[in-house]
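S.K.: One letter stands for each residue in the lines below.
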Amino acid sequence: MINKVFPTPEAALADLPDGATVMIHGFGNAGMPAALIDALIAQGAGELTIVNNNAGNGDTGLAALIKAKRVRKILCSFPRQADSWHFDKAYRAGEIELELVPQGTLAERIRAAGAGIGAFFTPTAYGTKLAEGKETRRIGDRDYVLEHPIHADYALIKADRADRWGNLTYRMSARNFGPIMAAAAKISVVQVREIVELGELDPEVIVTPGIFVNRVVRIDTPMKKAA
Amino acid sequence: MKKLDRKQMAARVARDIPEGSYVNLGIGLPTLVADFLPKGREIILHSENGILGVGPKPAPGAEDEDLINAGKEPVTLLTGGAYFHHADSFSMIRGRHLDFAILGAFQVSVAGDLANWHTGAADAIPAVGGAMDLAVGAKKVLVMMEHLTKQGESKIVERCSYPLTGARCVNRIYTDLAVIDVRPDGLQVIETVEGLSFEELQRLTGVPLKRLASAA
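For the protein sequence lines, the chains are C and S, in the order given. Sequential numbering from 1042 applies to the first sequence in the numbering used here. Sequential numbering from 443 applies to the second sequence in the numbering used here.
Any given hint might turn out to be false.
Claimed, not checked - Stretches of chain S that chain C covers, calculated by requiring three or more beta carbons in the stretch to come under 8 Å of a beta carbon on chain C:
{"no.": "1", "segment": "486 to 496"}
{"no.": "2", "segment": "515 to 526"}
{"no.": "3", "segment": "607 to 615"}
Said to hold, decoys possible - Calculated cross-link-like contacts (lysine-lysine; reagent style PhoX-like; alpha-carbon spacing at most 25 Å):
{"no.": "4", "chain 1": "S", "residue 1": "K597", "chain 2": "S", "residue 2": "K581"}
{"no.": "5", "chain 1": "C", "residue 1": "K1170", "chain 2": "C", "residue 2": "K1114"}
{"no.": "6", "chain 1": "C", "residue 1": "K1170", "chain 2": "S", "residue 2": "K481"}
{"no.": "7", "chain 1": "S", "residue 1": "K581", "chain 2": "S", "residue 2": "K481"}
{"no.": "8", "chain 1": "S", "residue 1": "K581", "chain 2": "C", "residue 2": "K1170"}
{"no.": "9", "chain 1": "S", "residue 1": "K592", "chain 2": "S", "residue 2": "K499"}
{"no.": "10", "chain 1": "S", "residue 1": "K449", "chain 2": "S", "residue 2": "K499"}
{"no.": "11", "chain 1": "C", "residue 1": "K1110", "chain 2": "C", "residue 2": "K1130"}
{"no.": "12", "chain 1": "C", "residue 1": "K1170", "chain 2": "S", "residue 2": "K582"}
Honestly, the hints are just simulated from the structure, not real lab data. Ideal placement from N, C-alpha and C gives every residue a C-beta, glycine not left out.
Just need the whole structure built from these sequences, with the hints factored in.
M.R.: Right under this line is the structure:
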């Protein structure tokens, strides 16, 4: 019997090694898997390469992982925010490497990894600093930049509901990077609000089919309201 | 002359958005446009983080941390709206499905080059978000910005001194002084604010402007 349900976040992340590339789902706090990040901090793995749209907000989640000096490098589109002080400090101290990627290119590089694409040409960033040193090509009447997939060892994801096969549904704009990160990582670990019986998720509305999901943990958190 | 304030600029841009448009509003000044879209026109707002049909701010106490816009502010979803993941969201942007992207800017060049993500300062932490995708992807890129810097220099320039977001991508510029089209043969003034002559606008702007017959 297939059962991807793990009892705790700690158990689901026990084998995550130093030096791993870890995708962390979320756009700001929407979709950020806080319980999994807390477990990763407690677990102790370091020298991590993190893939996220941002570089942490406030003092919790990814920001706390950066504060704990576990992150060697981050790939993101928008690190600088009013409350990204832990990243700002680490970056200015030279403790963290930044690869800045336009948001759509970040999404497509993640998608490409999960989809088995070797590389792709995108018009985004052509003629800008972010395309410097990259191969370009004129196709038809447009100029394109060659971009490569981003593969990951682990993806940490927050979804709404799951079953024991790992089928997932999400909640509103907290879907964001979840489906593509689940496909791009060797081991995708998902925290969900609720685990339901097989068959309870309507097959027409499953967003991430279980083939992309390895581990599921239920985190008993009330639905939080925005600050 | 009567310079437009930020709300008047937003109202001016909103007037030009037709019924049925799919529109992405950049963070900051462009976000104000949502408040001035003419009632009765169905215009669908897109947000990079996976929303079509972005609605107004929720009532106090009704915010939901899972429903935010690209500026990470709480929003609502209009009836008929939809959620989708990031790769689909940027397929909509890059794949030329959006009718308009309305973006803020530091500078726009006479050729329509856009600079809006990085001042180039050595100590600045760069952040680009979805700006480069919107610049190359939307069918029309509209820029909203103050015409002059705080030092009185024109933000419409021969060549951008700040790092580019996209090359030759801007179609129209809305400022607190004028509406200007970027055309292959140069910048064409569509209108100026009350009390501002074409000659005075030309003097303030520096780079060559063309006068539309109907402009003041």
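S.K.: Does the structure break any of the earlier hints, and which numbers would those be?
M.R.: Violated: hints 6 and 9.
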